[in-house]
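Put the two chains together into one complex, using the hints given.
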Amino acid sequence: MVRTRIFLSTTILAACTALTPLQAAESLKVGFMTVRSGALAAGGRQMEEGLKLCMDEHRGVMAGRKIEIITADTAGQPAVTKTKAQELVERDGAQVLIGPLAAFEALAIDDYIRQTKTPVISPSAAAEDLTQRKPNPWFVRAVGTSAQAHHPLGEYAAKDLHYKKIAIIADDFAFGHEIAAGFQRTFEQNGGKVVQKLWSPLNAAEYGTYITQIDPSVDAVFAAFAGGNGIKFLGEYKNYGMQKPVLGAMTTVDEGILKRMGDEAVGVISSGWYSAATDTPANKKFVEAVRKAYSADPGYYTVGAYMACQFLNNALEQVKGDISDKAAFMKALRNVNISQSPYGPVKLDTYGQPILDVAIRKVEKKDGRLQNTVIKTYPAVSQFWTYGPDEFLKSPVYSRDWTPAK
Amino acid sequence: MRAPSFNLLSWLIAIAALLALPWLVTSDYYVNIASQVVIAAILALSLNLLIGFGGMISLGHAAYLGVAAYLSIYLTAHAGFGHLAGALIAIGATTVLAMLFGYLALRASGLGFLMITLALGQILWGVAYRWASLTGGDNGLGGLKRPHPFGLNLMDPAIFYYFALAFFGIALWCIARFVQSALGQSLQGTRDQPRRMRALGYNVWLIQWLSFVFAGFWGSVAGLLYAYYHQFVSPQTLHLTTSAETLLMVIAGGTGTLLGPVVGAALVVILKNVVSAYITRWLILLGVIFVVIVLFMPEGLVPGITRWVRSLRSRPRADKAADTPSIAKDSAR
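Respectively, the protein sequence lines represent chains A and B. To get this note's numbering, take the position in the first sequence, counting from 1, and add 1079. To get this note's numbering, take the position in the second sequence, counting from 1, and add 1264.
With the rest of the complex left out, here is chain B (with noise of 0.2 Å):
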């Protein structure tokens, strides 16, 4: 299945807008929150690469945003590490923990991958929790200041979002490069196919491997993002719950679309942290949000809406639209 096919102006415009925003919204404060949905947005991304193209659901993606993120702060603030240093060490540390949890996971699918990511995000969660002398326990990692690539004042909320941005328009690039290659081709054969592509020749664990590797590093791109964002980590980020928010990005936005977990990264900080400010009881609301798209829109917001939108500019021919969506219906089940 492809991506949403978007002309060239909604994609100009979708830039631009993004682009403008520090001089469309007023207040620092949003400028911030948009920084919070775009290091979500990438976390949510390179999930969806695993379930949405990959067909492996898991539970376990907390922990490259989390080791990522405590091993910067460490290594920077407190091991005497440069910045750059301390982030490509954390970026390629948290990759090769990528490498060793899939060897380890892929070695069951379905119900069993599931359960091995959540059994390795809950120990690293331990590690982080029980660990004191490293991690400081429950009382979190801080210390951390912002660096200043090229001269820029990161502490300044327009162009920290800028630079988050500029990542996020990477890890975009990249992923939708991804899974437009033949190795993200082979992926989502190995997804709807395993065993066709099996008796195809094609080697399906090393596709469904490197994989969880690329989505594993941008995991931790996320992570980084997220540590120079708060300048604090706790065991929180490690846990489950942190896991399960992001899959409910990706389901609620549309697995195996590209845009599908940007759009449910947006939907889920905005709830928790902007809706919440208003409605005391914002986790009902989001249960209710998320049973609606499950009832209306089964496959996710992007693609439902897609849907309804080309249903209502070709009204006689919306039968044919209906039977599109099929795979992203199976794996939001």
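So here's chain A without its partners, still in its complex pose (with noise of 0.2 Å):
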């Protein structure tokens, strides 16, 4: 009788550990926070085929791990997406976040992540603070921030294009703010000068009466728009007859907006840590992949969103699927480094963000189409640029106010 006890309950131990490799087996649920409705619903689109391709290429699965997505709406409003964290995290399970789309959803729920130890992933908020002066030990970047692409073309537009003085016209929110800050610290400390900044509010109908204001004596133009404010822009500009070369923000000629220009576009250099143009075998992949799919150029959600997946899915197979210690997940996600991808070779900073190439890019009209031509990389940009953390983070975060100390 003993004998049969202790027989059985070797069994049942022996049912136990068996149990425990099929667990790991079960599957990671990842909730993924987008935008359907509202202002930024075109964003949010891009951010689910990006999602969506990265998830088809891994046929769902990840370091043996089956992937279950779990889609909410954020509606682009703060409040909502702090509750749809919580459906996510609370009613759904999600061990895993990848979103949201803006910085100050991204803010909304900073607090949140901490209190549950929530890894997220962002694939779009670009706000500097995220991994500067507030960084979340549980937020993860797989984009650039607002001003990493831009302190390059400052530098560029001083030293290879020999510009002495140049406007700035941006939307006047925080991301245009720190682009437009970005931009003219490096170009002024290589000698240029920033005569004229003008603040045209994000919902501007038109922008006739900011291009009119332009200061006539200005080598170019530097315009720093996110949406699709750099098509009305760009259309309005040409047509006010203006001759002065333009320089863009890595949103102003945006893959996802370009495709709805024309000539007015022509001859724009802006600067990104992606372009659908750049001539890789891994971007070639992923740019046939989502024309195939979307008869569409890959843009900055559309590669956030991707990239964020490869981030999951590389710091997965650090820990080999198992998730269950967050610290180790954590530490695995920012120690993310993908040698191939569409950005190129991807590392993490100690902050959380990655450290990219930059490409400075030309629009051209090829196959008779606008693309993004690449004409000057600067591999592996921090996001402090040559600063360094600890003099960067010494001075205030990149405002509207901001001037160059001196």
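Calculated directly from the structure, the hints in this document are not laboratory data. Be careful, since some hints might not be right.
[Stated by the list, open to error] Okay, the calculated beta carbon distance ranges per label pair:
{"#": "1", "chain 1": "B", "residue 1": "L1276", "chain 2": "A", "residue 2": "P1216", "range": "17 to 27 Å"}
{"#": "2", "chain 1": "B", "residue 1": "L1504", "chain 2": "A", "residue 2": "G1287", "range": "20 to 30 Å"}
{"#": "3", "chain 1": "B", "residue 1": "V1539", "chain 2": "A", "residue 2": "L1472", "range": "35 to 45 Å"}
{"#": "4", "chain 1": "A", "residue 1": "G1447", "chain 2": "B", "residue 2": "S1397", "range": "43 to 53 Å"}
{"#": "5", "chain 1": "B", "residue 1": "A1430", "chain 2": "A", "residue 2": "K1311", "range": "43 to 53 Å"}
{"#": "6", "chain 1": "A", "residue 1": "L1472", "chain 2": "B", "residue 2": "P1562", "range": "53 to 63 Å"}
{"#": "7", "chain 1": "B", "residue 1": "R1394", "chain 2": "A", "residue 2": "V1453", "range": "36 to 46 Å"}
{"#": "8", "chain 1": "A", "residue 1": "Q1292", "chain 2": "B", "residue 2": "S1397", "range": "19 to 29 Å"}
{"#": "9", "chain 1": "B", "residue 1": "L1398", "chain 2": "A", "residue 2": "T1291", "range": "29 to 39 Å"}
{"#": "10", "chain 1": "B", "residue 1": "T1290", "chain 2": "A", "residue 2": "T1482", "range": "31 to 41 Å"}
{"#": "11", "chain 1": "A", "residue 1": "G1117", "chain 2": "B", "residue 2": "P1562", "range": "26 to 36 Å"}
{"#": "12", "chain 1": "A", "residue 1": "T1482", "chain 2": "B", "residue 2": "G1344", "range": "57 to 67 Å"}
{"#": "13", "chain 1": "A", "residue 1": "Y1373", "chain 2": "B", "residue 2": "L1276", "range": "26 to 36 Å"}
Values in this document were obtained by computation on a predicted structure and should not be read as measured data. Glycine included, each C-beta is placed from N, C-alpha and C at the ideal position.
Below, the structure is given as structure tokens:
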């Protein structure tokens, strides 16, 4: 009798141990916060496309674990974003979050993800301080910061293009302010001078009043716009007969909106950590897949979400699909190192921010469509540019009123 | 017009259901939704004071929610004030703001009043958006830790729910008392017959102004709870859409009734946060529901359903019930 009991308990014990690897094979729930309604919905759709493409590439399995994506619409409102994060984590049991889209949404859930210790991979929110002055141990980003790509552009404009005087026109919100300040900092450091800064409201109906204010003595205009504003600005800029060359931010001539532009965009020089025209095997494969699936070139949001998903894959492979130790998984996520991707080689700094190759791009018309041809690459650009974290973090965050230290 | 008369039993059932809610729902997520409903309900109740009982349609009610939230987060998380001091200053300053706004907006009535409140609300939104050194601009303001009053851990969803529910109970009681008080009755008089009230010697402006400030006070209480709940505030909170959403809660639930705004708040919060997970086009659904409400019960959900129930109970006397909510209809239009 006793023997039977021992036998039984060993069997049960053995069954239990056998169960553990089975549990590891259980599907991993990933919460995905996108925007399906409101002004940001276009970007949200591109994010969904990018994520789906990456999931299809992995056939829904990463490091031997099935990945279950649970999507939530944040409507681009901070208060809803928080509720949606709770929904994903508390009700649906999401173990990792990809999202949200806008910086103010990411900031709205900052406390919540610290509290619940939920790893978050941001596919698009670019606000500098998320990985600088207010770093969150549970947050990594799969895109550059606002200014990360525009420090090189400032240097390029001064050193390679030999511009001396530039006027800046930018969207009047944090993203525009940060881009403009980053550009100004390196441009002036290399001998240039920003003589004028014009801030247009995010929902400006037309840009005529701003374009006519542009100082006629400048060498070029740096236009930093988000969403569809680049289309409107460049179109009107041409209609007003302006001849001064235009420099653009990454999102001014993003591939997501480039297809809706005409000849007015040709010749615009911009910078970005990604261009659909980058000539590497990894990127060609990616661009072809996007074109095939959605008959469009991948832009900022598509590639951001795609890379967020690749970050997840890379981290999961490091921990062999075992996410039960959150701290170890987070360490792996901060240790992401991808040698071949649409971005090129990527690794993260200690603040959870990617170090990326930044391309100087020029809009050209090839095969009947506009594209951002890469004309120069700055390898391994850090969010701190060449300043180093200590010096960089000493000065306040880039803002509307930011002026370079004398 | 009086609030619909509920007998003691249905009140007790409602209170018991509200208290038992954290046990009835299994997930913290739904408890959190309930907290949001309660907070939205306080805001809607205060707006209803203006719309339903005062006949003053305001499109700037988000001002009190937002200003109280900004102030409490700024004071406690960034300026080094304690929680109690921060909360009291936030509510006090917002009430003073309501005094000023009331002074400005009550120079006009009807459409003029609506436009002034709209403009004042948008000014505040602009300030929050622009004054980045104080408000963080469009990146918003965060960093608030929930307080621990009387040793209660408000980080626990159920405890926070009871905390918010307690405020809701007090707000409901105070607003009910206000409506029944002499001042509240005279407010309803100024809504229906301002000229006659004036002729009778009532100071119409003062009555409206006091009610406006009282409503602003409860709006600021909602704002304080909003700040504690979200621990974050951004210009979105002060935006016109927030004011309009609150207005929608009041109209959908039933203006000029005590419980209408509560039902409306539950409807909008649940649609926005829960139903949106299943239906992408939830905004369209909200629109359809609103149209249906306007078509079939233009006086709002609570008076509409009360009317239906009453007419079902006493079919022969159905015609008598139809003429009760005439004023609510006017303000709903």
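Evaluation of the provided hints:
The hint said 17 to 27 Å for the Cβ distance between B/L1276 and A/P1216, and at roughly 48 Å that hint is violated. Between B/L1504 and A/G1287, the C-beta spacing of about 26 Å keeps the proposed range 20 to 30 Å intact. The given range of 35 to 45 Å is respected by B/V1539 and A/L1472, whose C-beta atoms sit roughly 43 Å from each other. Between A/G1447 and B/S1397 the beta carbons are some 49 Å apart, a value that agrees with the proposed interval 43 to 53 Å.
Against the hinted window of 43 to 53 Å, the Cβ-Cβ separation of B/A1430 and A/K1311 comes to about 51 Å, which satisfies the hint. A beta carbon spacing of about 59 Å between A/L1472 and B/P1562 agrees with the range 53 to 63 Å that was offered as a hint. Hint check: B/R1394 to A/V1453, Cβ distance near 37 Å, so the stated range 36 to 46 Å holds. About 26 Å separates the C-beta atoms of A/Q1292 and B/S1397, a value consistent with the hinted range of 19 to 29 Å.
For the pair B/L1398 and A/T1291, the beta carbons lie near 33 Å from each other, so the given range of 29 to 39 Å is met. Between B/T1290 and A/T1482 the beta carbons are some 55 Å apart, a value that contradicts the proposed interval 31 to 41 Å. A beta carbon spacing of about 29 Å between A/G1117 and B/P1562 agrees with the range 26 to 36 Å that was offered as a hint. Distance hint check for A/T1482 and B/G1344: the Cβ-Cβ separation is about 28 Å, which falls outside the suggested range of 57 to 67 Å.
A hinted range of 26 to 36 Å is violated for the C-beta pair A/Y1373 and B/L1276, which are about 58 Å apart.
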